Amino acid sequence: MTPRRRISQWSRRAGLCLGAAVMVLWSLAPIYWSFLTSITPPGGLVSSGLRLWPEAATTEHFAKLFGATSVSQGNEVQSVWPQFSAAFANSLITSGLATVVTVILAAFGAWAFVRLSFPGKNVIFIAVVATLAIPAYTVMIPLYRLMIAAGLIDTYAGVTLIYVSAFLPLALWLMRSVYQSMPLSLEEAAWLDGASKLRAFVQVVLPLAGPGLVACAILTFLSAWGQFMVPLVFSPTLATKPLTVLIPEFVTRNYVDYGLMNAAGMVAIVPPMILVLFLNRFLVQGLMAGAGK
Amino acid sequence: MAVLARFLPSREARLGLTLILPVALIMGGLVFLPLLATLIDSLFRIAPMKPGTPFVGLKNYADLMGDAKVTTAWVNTAAYVVMTVVIETVGGLAMALLLNAVTVGRRWLLAIMVLPWCLPPVVNAIIWMWIYNPAYGPLNGLLMTVGLIDGPQVWFNDRGTGLFLVSLVHAWRMMPLTAIILFAALQSIPAELYEAARLDGAGALKRLRQITLPLIAPGLTIALSQSTVFAVNLFDEAWVLNGVSMDTRSVIIQVYVTAFQNLKFSAGMALSVLAMVVSLAVSALYVLRVYRETRFE
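Line order of the protein sequences matches chains A and B. Using numbering that gives the first Met the number 0, you'd call the opening residue of the first sequence number 0 and step up by one each time. Using numbering that gives the first Met the number 0, you'd call the opening residue of the second sequence number 0 and step up by one each time.
This is chain A alone, in the form it adopts within the complex (with noise of 0.2 Å):
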């Protein structure tokens, strides 16, 4: 190797170092300030200046959240507590049900469209991943009458069908590209061993599909898990009402209390962490198949 090749890649080397640390400042830093913010106490807000670490760390904003009582400016206030876990446990168990309910549709249904001749198939399956096209407030007006009809408006029930109708296109078209990768001599083995085609596709194909089922999960989850504006309308109060409408409303008419926002926000943000940190090869290779193709 010539000198000057390898200055050519030594810099080359430095240059990447140099843009995955940028990179990773980029991503990284305004979450680890909101954390930096959540544990800093409220005087340790005022002074200003950037630190990477607070003079004297405080858990008082968390024990604001998960506290019986609560002390803001020196008064005895309400606690949050009962408010906070209450949403935390909406937020859970619609994005929950939601991502059940989906995958489940989406792994029978995508399999059906791939595998089986029916009447009206590839008519149905266009119609449903068009409407992904179309915005989800388009439909949310008459969602909203019609939800109060059926006294959906504030159930679970109601929060996570609309979800459901809202990512089980995505859910639908990844699947599809799952099973379609798939070679049919699986299936046909298990035929000729006289299993009949839901059989053969419970016991050969399903097993195989884990990893797109659990890419599907995940995208399903999250996107419910961040949903605003569905709740927002649909969640009016604490029955199913999630963290994303009430973090907000921490916001009190007349001081704003970052410290517990940042403190809500970072306990908000645990589940997506977790799962992007375990399972970030699946959400990664499920987010290229959804948008690749």
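Just so you know, the hints here were simulated from the structure itself, not pulled from any lab data. Hints may be right or wrong, so weigh each one.
Stated by the list, open to error - Covered stretches of chain B (chain A as the covering partner; in silico rule of three or more C-beta atoms under 8 Å from a C-beta of chain A):
hint : stretch
1    : 66–76
2    : 92–106
Claimed, not checked - Partial pick of chain B residues on the chain A-facing surface, computed with a CB cut under 10 Å:
hint : residue
3    : S9
4    : L109
5    : I125
6    : I188
7    : V231
8    : S244
9    : N261
These numbers were taken from a predicted model, which means no experiment stands behind them. Note that beta-carbon positions come from the ideal geometry of N, C-alpha and C, so glycine has one too.
Based on these hints, arrange chain B on the given structure of chain A.
Here is chain B on its own, set in the frame of chain A:
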């Protein structure tokens, strides 16, 4: 029996229809019926505060044309589209090229990069709201340390700055999606092409212009159209950062305010139909491409 069998669906068709039934019911009942209702109801006057629901034809649409707030909202949304699409595409391409070049620890770089997209938009907006805070936010601190500004700025006092800052938050969240789409496209380019170009003496910039960009053009189209559609639908970030302020009110916020705060349902529906038409027109390009490339057996 044989005659009868011809009219009854086969076993396979029955199984297929059974599996599709829940999908069709949910999508039909919760998307297609409401969509039809939106289209029809936007031609009537439907407002809970007013008696009766008379047919008014295109009056709702005509009223929107003359409404100054609606016009402002469209201008704001147009500004969001331009700014977010430029930021996301330039930044996303840079990220994709970087990821494509990195070999060590790529999986974790990908995970870190995709993180902003995974967080709830509302939480992102709150994180940035605090960064933009006039009194304590690090944006003022940073710019003052560097010497770009003399004193703390109240960023949302200026409409242009406000629009840019909302766009930045949205772009921070959506950039990973563009990056991943472009990264997927980059991965499909054979390395030999670059090897050959390098032997021919083509520089890095020339390789980017003559090999990379043409070959990722399909991915770029998809990335551009999805970022445009998401920008047209921008709601969460502007809502959390600056509420209903006219300075940063997007078309979708205008829909929400019209329908659910002013309770003018049909006017909101008419505006949402217009926003949908814009979204559809943009994604038509994308959808057409997708269907051309997909064969239905």
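So, going through the hints one by one against the coordinates:
Here the stretch 66–76 of chain B counts 0 residues with a CB under 8 Å from a CB of chain A, which misses the bar of 3, and the coverage is violated. With 6 residues bearing a CB less than 8 Å from a CB of chain A, the stretch 92–106 of chain B meets the requirement of three and the coverage assertion stands. Taking 10 Å as the C-beta contact cut-off toward chain A, the hint placing S9/B at the interface holds, the least distance being around 8 Å. Below 10 Å, beta-carbon pairs count as interface contacts, and L109/B has one with chain A at about 5 Å; its hint therefore holds.
Interface hint status for I125/B: upheld, as the beta-carbon distance to the closest one in chain A is roughly 5 Å, under 10 Å. A cut of 10 Å between beta carbons decides the hint on I188/B: the least distance to chain A is about 13 Å, and the hint is violated. Checking V231/B against chain A: minimum C-beta separation of about 8 Å stays under 10 Å; hint holds. Given the 10 Å rule on beta carbons, the hint for S244/B is violated: about 14 Å separates it from the nearest Cβ of chain A.
Here the hint on N261/B is broken, as its CB sits about 12 Å from the closest CB of chain A, past 10 Å.
Hints 1, 6, 8, 9, counting from the list given before, are not met by this structure.
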